[in-house]
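Undergrad: Chains E and C, in that order, give the protein sequences.
For the first sequence, this note's numbering assigns the number 11 to the initial residue and increments by one for each residue that follows.
For the second sequence, this note's numbering assigns the number 213 to the initial residue and increments by one for each residue that follows.
Quick caveat, the hints were computed from the structure, so don't treat them as lab data.
One or more hints might be untrue.
Here are some, though not all, of the chain C residues that point toward chain E, as calculated from beta-carbon distances under 10 angstroms [unchecked claim]:
hint	residue
1	Asn257
2	Gly259
3	Ala264
4	Met268
5	Ile326
6	Leu327
7	His330
8	Lys333
9	Ala342
10	Lys345
Derived pair list, reagent style BS3-like, types lysine-lysine, alpha-carbon separation capped at 30 angstroms [said to hold, decoys possible]:
hint	chain 1	residue 1	chain 2	residue 2
11	E	Lys101	E	Lys72
12	E	Lys110	C	Lys295
13	C	Lys345	E	Lys110
14	C	Lys221	E	Lys67
As the structure is a prediction and not an experimental result, all values here were calculated from the model.
Every residue gets a Cβ at the ideal spot worked out from N, C-alpha and C, and that includes glycine.
Next come the chains, spelled out residue by residue.
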Amino acid sequence: MVLSPADKTNVKSTWDKIGGHAGEYGGEALERTFASFPTTKTYFPHFDLSHGSAQVKAHGKKVADALTNAVAHMDDLPGALSALSDLHAYKLRVDPVNFKLLSHCLLVTLACHHPAEFTPAVHASLDKFFSAVSTVLTSKYR
Amino acid sequence: MVHFSAEEKAAITGLWGKVHVEEAGGEALGRLLVVYPWTQRFFDNFGNLSSASAIMGNPKVKAHGKKVLTSFGEAIKNMDNLKGSFAKLSELHCDKLHVDPENFRLLGNVLVIILASHFGKEFTPEVQAAWQKLVAGVATALAHKYH
C-alpha cells in the first residue's frame, strides 16, 4: 500500500486545516479509544483515564506531535518514525491490533470537528496514512 | 449475548431518530467502496465505480445502501436479540452472498464515522462507545450462522 501524490496532498491539507488543534484532537482520540475499546486501557494502568485527565491530554499531544512530524515527512515515514518504531517494538510492545482502534478514533475525531473537509477521498487518504504509520510503528516487532 | 444498558439504548435510539436513513445508507456504502476498494468485489453489476464521485453518485450504491441501513434500523428495534433478528440475513450472507464477515466490521466503522461527521459534538465518546457496541453486535449477529 502506497500513498499516492493525491493522498499526500489530502493529508497535508487536512493537517493544515487542523492547525493548533492537533494536540487537543490527539487527546480526544485517545479518550474515544479508551471509551469504545476498553481493552486499550490495559496499556495505561499508571494513568488517570477519567474524563478531562491531564495525563491523557498530555499523551494525546505527544501522539499528535508525532503525527504532525510524520505528515511533514511522508516521503520517508520509516526514517522519520524510526525512533518511535524502536520504542514500540522493544519497550511498549503495544499489540498491533490496537493501532487500528486508535486510527479509527482519530478518523472519528476529525470527522466530528471537520465534517466539510472530511470528504470520501480525504477519508480514504487519511485511513491509508494512519495505516502506513501503524505499519512503520510495528515493523520491527519481529 | 450483548447487553445494552438503558443509557446505551438511549444514546443509540436518540441519534437514530435524527438520521436520514436513505442518505446515510448511500453514504455509508459509498464510503466503504471508496475507502476499502476491495469491497467492490461484491458489486460487479453496479456499473460505474471508477472514482470516488462516481461511487458516491451511483444510484445502485445509493439504493443498496438504503436497503442495508433500513435493515440496521430494524436491528435497533431489537437490540436485545440481535442474533435472532439477523439469523436469516446471516444465512443469506454466508450461503448466497459469500461475504467475509470482516466486511460487516468495516461497514460498521464507516457508519460510526458518518454519524460523527453528521452529529459533531453531539457524538461524544460515550455515544460513540454505545454505537461501537451496536455495530460490533450487528457484525457478530450477521456472522453467527456462518459455517
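Undergrad: Hints first: check each against the structure and report whether it holds.
TA: Structure-based check of each hint:
1. Given hint, Asn257(C) at the interface with chain E, is violated; its Cβ is 21 angstroms from that chain's nearest Cβ, farther than 10 angstroms.
2. For Gly259(C), the interface hint is violated, since its Cβ never comes within 10 angstroms of a Cβ in chain E; the closest pair sits about 17 angstroms apart.
3. Interface restraint check for Ala264(C): the shortest CB-CB distance to chain E comes to about 5 angstroms, inside 10 angstroms, so the restraint holds.
4. With a least beta-carbon distance of about 6 angstroms to chain E, the hint placing Met268(C) at the interface is held under the 10 angstroms criterion.
5. With 10 angstroms as the threshold, the beta carbon of Ile326(C) comes within range of chain E, its nearest partner Cβ sitting at about 8 angstroms, so the hint holds.
6. The interface hint given for Leu327(C) holds, since its Cβ lies 9 angstroms from the closest Cβ of chain E, which is under the 10 angstroms cut-off.
7. Interface restraint check: His330(C) against chain E, minimum CB-CB distance 7 angstroms, threshold 10 angstroms, status holds.
8. Look at Lys333(C): its Cβ gets to within about 7 angstroms of chain E, closer than 10 angstroms, so that hint holds up.
9. At a threshold of 10 angstroms, the smallest CB-CB gap from Ala342(C) to chain E is about 9 angstroms, leaving the interface hint in force.
10. Hint status for Lys345(C): holds, given a least beta-carbon distance of 8 angstroms to chain E, under 10 angstroms.
11. Between Lys101(E) and Lys72(E) the alpha-carbon distance is near 17 angstroms, which keeps this suggested pair within the 30 angstroms criterion.
12. Between the alpha carbons of Lys110(E) and Lys295(C) the distance comes to roughly 26 angstroms, so the proposed pair stays at or under 30 angstroms and holds.
13. Among the hinted pairs, Lys345(C) with Lys110(E) is consistent with the structure: their alpha-carbon atoms are about 16 angstroms apart, no more than 30 angstroms.
14. Proposed proximity of Lys221(C) and Lys67(E) is supported: the alpha carbons are some 29 angstroms apart, at most 30 angstroms.
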